[in-house]
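Following the hints, put chain B in place on chain A, whose structure we already have.
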Amino acid sequence: MERVFFYFIAVAIIVFAFMAVTNRNMMRSIIYLLFVLIGVSSIYFMIEYNFLGAVQLTVYAGGIIILYINSIMLIEKIGTPMEKVKTVRKVVAGIISVFGLALTLFAIYSYPFQTVKSGNVTTVSQIGQALLGYGNNGYVLPFEVISILLLAAMVGAIMIAKTEKK
Amino acid sequence: MINGVSIYEILTLTSIMFFIGVYGFFTRKNLIAMLVSVELILNSAAVNFVIINKYMFPGKLGGDIFSIFIIAVAAAETALALAIIINLYRLIMSVKTKDLETMKY
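Protein chains in written order, with our numbering: chain A, -9 to 156; chain B, 293 to 397.
Incorrect hints may have been included.
What the hints assert, rightly or not - Simulated crosslink set (DSS-like; lysine-lysine; CA at most 25 Å straight-line):
(1) A:76 x B:321
(2) B:388 x A:76
(3) B:321 x A:80
(4) B:388 x B:321
Unchecked claim - Sample of chain B residues facing chain A (criterion: CB under 8 Å; computed from the structure):
(5) 293
(6) 305
(7) 311
(8) 314
(9) 329
(10) 332
(11) 347
(12) 367
(13) 378
Read the hints as simulated data drawn from the structure, not as lab findings. Nothing here was measured: the structure is a model prediction, and the numbers come from that model. The beta carbon of each residue, even a glycine, is placed where N, CA and C say it ideally should be.
Isolated chain A (complex conformation):
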């Protein structure tokens, strides 16, 4: 049952991802990206990383998609299709992508992954203790670095978007 569900999600993710990068209507492309992000979050839920799935849904599907939709509404008229891509460009990009995919899949399938079976579920309190711990399994340094990065990004976005008075 889980296998069937996983294959359903996988096919949906691939189809919607392809439609997101080929559709000529910008708004539709963003909505297909939303479907891909929801599919990825359902994969997170299936492997029982519930907190990560919730973060994916709120930050990506909730925040980033709305940011995209707002900026598209600011920039261009809705429904104006983008210009067609040249066939040469499509073929070259397709060849590069397929070649890279073949190389990656060859590397993946020739490496023997030693998987471990376990059924333990990661709880939110474990994640919180790891984020603020400084011991053996602590990640407080990257946590602080990411907070500085978010602050810098916020200040930078305000600086860039601010209009100068003349």
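Positioned in the frame of chain A, the structure of chain B alone reads:
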């Protein structure tokens, strides 16, 4: 782990997603559409972190936490890039790559 699904199948899915993102990055000519492809690439990398953590080192939390960091970095990157694009649109009235020759006006 998902019952009956091996690590190879999920890694295949994320690789396909990654290279669809690469294809979009090469073919698109609109800055926002290129950002969509970058989102696909970042998301497939985040899934890879989580899957390898869950299937090979289930007692540890490294992949989980770094996926959260990837999501935070992607959010910051999107906010900054969209601010730059909107500012650019104010200056040259276009978001196509062929119209961009310099970032400093």
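Hints, verified against the model:
With a C-alpha separation of about 11 Å, the suggested pairing of residue 76 of chain A with residue 321 of chain B holds against the 25 Å cut-off. For the proposed pair residue 388 of chain B and residue 76 of chain A, the alpha carbon gap of about 15 Å is at most 25 Å, so the pair holds. Taken as a hint, the residue 321 of chain B and residue 80 of chain A pair is honoured in the structure, with Cα atoms around 12 Å apart against an allowance of 25 Å. A distance of roughly 6 Å separates the Cα atoms of residue 388 of chain B and residue 321 of chain B; the hinted pair therefore holds under the 25 Å criterion.
Annotation: interface hint on residue 293 of chain B holds; nearest CB of chain A at approximately 6 Å, less than 8 Å. Among the interface hints, the one on residue 305 of chain B holds; its C-beta lies about 5 Å from the nearest C-beta in chain A, closer than the 8 Å criterion. The beta carbon of residue 311 of chain B comes within 4 Å of a beta carbon in chain A, closer than 8 Å, and the hint placing it at the interface holds. With a least beta-carbon distance of about 5 Å to chain A, the hint placing residue 314 of chain B at the interface is held under the 8 Å criterion.
Taking 8 Å as the C-beta cut-off, the interface hint given for residue 329 of chain B holds, the closest approach to chain A being about 6 Å. For residue 332 of chain B, the interface hint holds, since its Cβ comes within 8 Å of a Cβ in chain A; the closest pair sits about 6 Å apart. For residue 347 of chain B, the interface hint holds, the least distance from its beta-carbon to any beta-carbon of chain A being 5 Å, beneath 8 Å. At its closest, the beta carbon of residue 367 of chain B sits 6 Å from a beta carbon of chain A; the interface hint therefore holds under the 8 Å criterion.
The beta carbon of residue 378 of chain B is positioned within 8 Å of a beta carbon in chain A (closest approach about 6 Å), and the interface hint is therefore held.
When the structure is compared with the earlier hints, no violation turns up for any of them.
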